[in-house]
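Engineer: Per my numbering, residue -14 is the first one in the sequence shown, and the count goes up by one each step.
Because the hints were derived from the structure by calculation, they are not lab data.
Some clues are possibly wrong.
Here are the simulated lysine to aspartate or glutamate pairs, EDC-like style, with alpha carbons at most 16 Å apart [stated by the list, open to error]:
1. Lys155 / Asp139
2. Lys130 / Glu109
3. Lys135 / Glu109
4. Lys135 / Asp104
5. Lys135 / Asp119
6. Lys28 / Glu45
7. Lys28 / Glu258
8. Lys102 / Asp139
9. Lys42 / Glu60
10. Lys48 / Glu60
11. Lys123 / Glu109
12. Lys102 / Glu117
13. Lys130 / Glu114
14. Lys101 / Glu140
15. Lys49 / Glu60
16. Lys102 / Glu114
17. Lys101 / Asp133
18. Lys135 / Glu117
19. Lys19 / Glu258
20. Lys135 / Glu114
21. Lys130 / Asp147
22. Lys130 / Glu117
23. Lys101 / Glu60
24. Lys102 / Asp147
25. Lys123 / Asp133
26. Lys130 / Asp152
27. Lys182 / Glu60
Each pair of labels, with its calculated beta carbon distance range [said to hold, decoys possible]:
28. Val232 / Thr26: 20 to 28 Å
29. Thr67 / Asn263: 20 to 28 Å
30. Leu81 / Gln273: 49 to 57 Å
31. Leu161 / Lys123: 37 to 45 Å
Note that CB positions come from ideal geometry on N, CA and C, so glycine has one too.
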Amino acid sequence: MSFLANLFGYILNYIYSFVNNYGLAIIIFSVLFKLIMIPFTVKQQKTMKKSAEIQKKMAEIQKKYKNNPEKMNQETINLYKTEKMSPFAGCLPAILQLIIFISVFYLVRSPLTFMKKVDPQLIEQYTNEIIEADSGNKTAYPEIKIIDVKGSEDERVSINMDFLGIDLGKVPTQSLNDPRVYIIPVLYVLTTFISTKLTMNLQTKQSKKNNEDVIILDNGENKEDQNDQLEAMQQMNKSMAYFLPIVSISIAIVAPLGLALYWLISNILMIIERLVINKVLQVKEETQKNAE
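Please model the entire structure based on the sequences and the hints provided.
Structural biologist: Given below as C-alpha cells:
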C-alpha cells in the first residue's frame, strides 16, 4: 500500500506544483486516474456481461446434469475453460478498488510523507512539539496538524488546503461547530447513493433478463423458483442501496475532508463513466445482433 501511496503522492505533488491548491490537485488527479483506469473499467463491464451469458449456459448444464453433481461440476469447469474466463474474475475489480482505496487513504492521511516527501525526522520533531504544546494530547492525523500549525512558518510542510473556503485538512467530527465541514461529506453520500442505485438497477435489469432466459430454457418448469430468486436479489439490492451510504458517511466524517473530496469526485466520474460505457456496450451489442 505504501508503494502505491508513494506513487500517487508523486503524481499529486506534480499537479499541485502547477495549481498550488490541494483541492484542485485532488480533482485533477481523480480525473487523470479515472482516465487511466478506463480500459480496466471497460474490461470489467465486458466481464459482467460475459458472466451473465455464462449463467445462461450454466442453467442448461444444471438442468441437464441435475442428478449427476460430479458431471455438473466437470461441465462447469469446462465451460469456464472454453469461455477463457476465471470463476473469480468478478472478484478482481473489487480487490483492486480496495487496494486503491487504502492507498489513497494513506496518501491523504499523511500528505507530508507521501506527497511532499518531507524528512521523517522533521515530521517527528514537529509532531512531538505539537503534542507537548497540547498537553500531551495526540491526534489521529499528526501530519495534517503539522500543516495547520507549522505550515505558515516552514515552507517544507506547507500545503494550501483551502478549497472554496473549505479547509480540506479538517476532520468533520473534530470541527462540529463549522458547518462547512458537512458540505463535502453530504455531497459524497448523495453521489454514493446515486451510484449504488445505478449499479443495482443495471444488475437487476440484467438479472431479470437472465431470469427470463432461464425460464425459457426450463420450459417454465421452475418459473416460481426463479421469480423468488429475482425478488430476493432485488430486496438485497435495495438494502445495499441504503447500507453503503451509511458506511460511507461513517468513514467520511472521521477522515480529513481531502479524502471525502477524492471520493466525491470519483463518484461523480463513476456515474458518468458507467452510463457512457454501458450505453456504448449496448449499442455495440445491438449492432452485432442486427448483423447476425
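Engineer: Tell me, in ascending order, the numbers of any earlier hints that this structure violates.
Structural biologist: 1, 6, 12, 16, 23, 24, 27, 30, 31
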